[in-house]
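Visitor: Residues per chain are reported as follows:
Number of protein chains: 2
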Amino acid sequence: MMEEIKVEKVDKRKARPADGELSFGRTFTDHMFTMEYDENKGWHDPKVVPYQPLELDPAAACCHYGQTTFEGLKAYRSNNGALLFRPEKNAERFNNTNRRMCIPEMDPEFFVQAIKEAVRVDQDWIPAKEGTSLYIRPFILANEVYLGLKPSSHYKFVIIMSPVAAYYPQGIKPTRIYVETEYVRAVRGGTGSAKTGGNYAGSLKAQSSAADKGYDEVLWLDGVEREYVEEVGAMNVFFKIDGKIVTPELGGSVLPGITRDSVITMLEDWDYDVEVRKISIEDIAQAYKDGRLEEAFGTGTAAIISPIGELNYNGLKMEINDFETGEVASKLYKTLTGIQTGKVDDPYNWTEEIPLD
Amino acid sequence: MMEEIKVEKVDKRKARPADGELSFGRTFTDHMFTMEYDENKGWHDPKVVPYQPLELDPAAACCHYGQTTFEGLKAYRSNNGALLFRPEKNAERFNNTNRRMCIPEMDPEFFVQAIKEAVRVDQDWIPAKEGTSLYIRPFILANEVYLGLKPSSHYKFVIIMSPVAAYYPQGIKPTRIYVETEYVRAVRGGTGSAKTGGNYAGSLKAQSSAADKGYDEVLWLDGVEREYVEEVGAMNVFFKIDGKIVTPELGGSVLPGITRDSVITMLEDWDYDVEVRKISIEDIAQAYKDGRLEEAFGTGTAAIISPIGELNYNGLKMEINDFETGEVASKLYKTLTGIQTGKVDDPYNWTEEIPLD
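Chains as they are written, first to last, in our numbering: chain A, 293 to 649; chain B, 293 to 649.
These aren't lab readings, by the way, just hints derived from the structure by calculation. A few of these clues could be false.
Same chains, same names: a pair is fine if it fits in one copy or spans any two.
[Unchecked claim] Here are the computed lysine-lysine pairs in the DSS-like style, where the Cα-Cα straight-line distance is at most 30 angstroms: (1) K333 x K505; (2) K442 x K497; (3) K497 x K333; (4) K536 x K581; (5) K442 x K381; (6) K442 x K505; (7) K301 x K626; (8) K497 x K570.
Remember, predicted model here, so these are calculated numbers, not experimental data.
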């Protein structure tokens, strides 16, 4: 159905950092995957080529009007090869973003096949140390050479890969979160549920301002009432109140996280009451005052589970679970990373193996 | 204060299209201006070089997280050289955007000097035919090679230039506008008042959907109540109701247009009552029904003045001024383009001359 993926290998491989010297997103593998789109040919010319700079005309649409999509997932080294975690969900979200951004969709099976082929070629780059992984970043840039504002007629699809350190080298650890009441990340009718650059660019100011106050991230409130909890940093957010688990409904302005979806499934499987609904920050504050706020944590591809140790809402500093990682966060983290790395049984068939040479 | 601008000229100039064959934003001049930023040196290495592709590492921040700024202005050929229109206002807005997007500011005088030097080098490219101009596009791309989400530590500033046709080859002409009630462009607390890619990417879907219905552009309503008028397409919007001119207040989600500001000044100077305030779409519809909606038009750098001939709000098709360009729109267009091209006296000192060789 799709063209064969050509492979052009590097003459000389780069030096690979030792597993113990990895960080996040600074080192890239020897190769990258690229594919082009134009209105006549559709997506075409898929290939794995040496990692190299993109040549963009300075009038390319993406340099001006932000018409871009990205995704993020990880490959873990397993006993027999490499494991991907629910890559078909990335493909689905990728196309949802593409539709919102007027970018042509891609065959979801081919999207996954492209990822697998890129990982296969650079398989030596998948680190083996506990907690490490190969971070995979597929993205699309609109590159028609035109300054008029319209959906581009040309696009470039690229997959780059970066071996990354364990997110928690000293074990999972709570963060301090500032509830943002001035800046807004997204609003219904906008692009909040799409994985596109503009949402992230718009979040930098609040993040910087929280960092200046000594906080790790912000908790975003909705853009309409500025009352309902949406996301934490670039992650989805969960609360444990009175033994129940509560997480914001998606509602068009929240990113549909794959970790979020997996966590909901696991919690329901573990017989927790999971409520997916609007949650006001005032209710969180009240639950805290009443001693009913038992846990809070973020979920995302990078950290998997990120416990929240403090929430600062207009000066009310809510310390949660004595700034310790809670029981639910702990169990989710252990089980989910276990499934992702193939060390724990995968009853959901979430992982997909890439056979390596 | 700033470094001297180096100039490296092309060996062989490109063929220039004839003034009568120009369009918008597809043809670019022989040269471009570039400058780099890093945390140690600040903005440095300003130069005019041959127009050429940008080499971006595929992990450059702008390819993923949309941390970008742009501006737009025009140079018109005049009797003694070229005229810029209020470039210091572009410099001011550029820095406002930069602050919102966590991008380092630039000395506003140097910003204008860079534009003048770029135009001077490519002065042969300024077309002469009535209504034509040299469109100037300054922009910044974040280009730190890092997949972590944070303000970049490296940036590239670029100015490209494109000779453009008259916006109205057959004279100023009304457009059909669809009032958008599903998609939202911006919300207070967001990035709506910044000239950054994400706002424009987010607008494509509504624009495409309006085009499918046979409309030229959308009228955006506010993101909170979805009731108050914000912008039309990528322009500011004005209404004439009962002889008074009404335009939306900026309020954080509306782009502070330089044409908008100039139009307000001129209208007040002409003794119109100008009200800068919230305007609900229901009030517009009521004024239409009562026969009090006399004119409507957009303002922006590309079209200068764009009369609105029809507004479709939930099926109510409001034909305005019999689909003819109104008196106010007409007079504004004539006067403003006259000032910009040096053909009409400039009582506001808005134009700035670039002496040419």
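Visitor: Taking the numbered hints from earlier one at a time, note which ones the structure violates and give those numbers from smallest to largest.
Guide: Failing hint: just 7.
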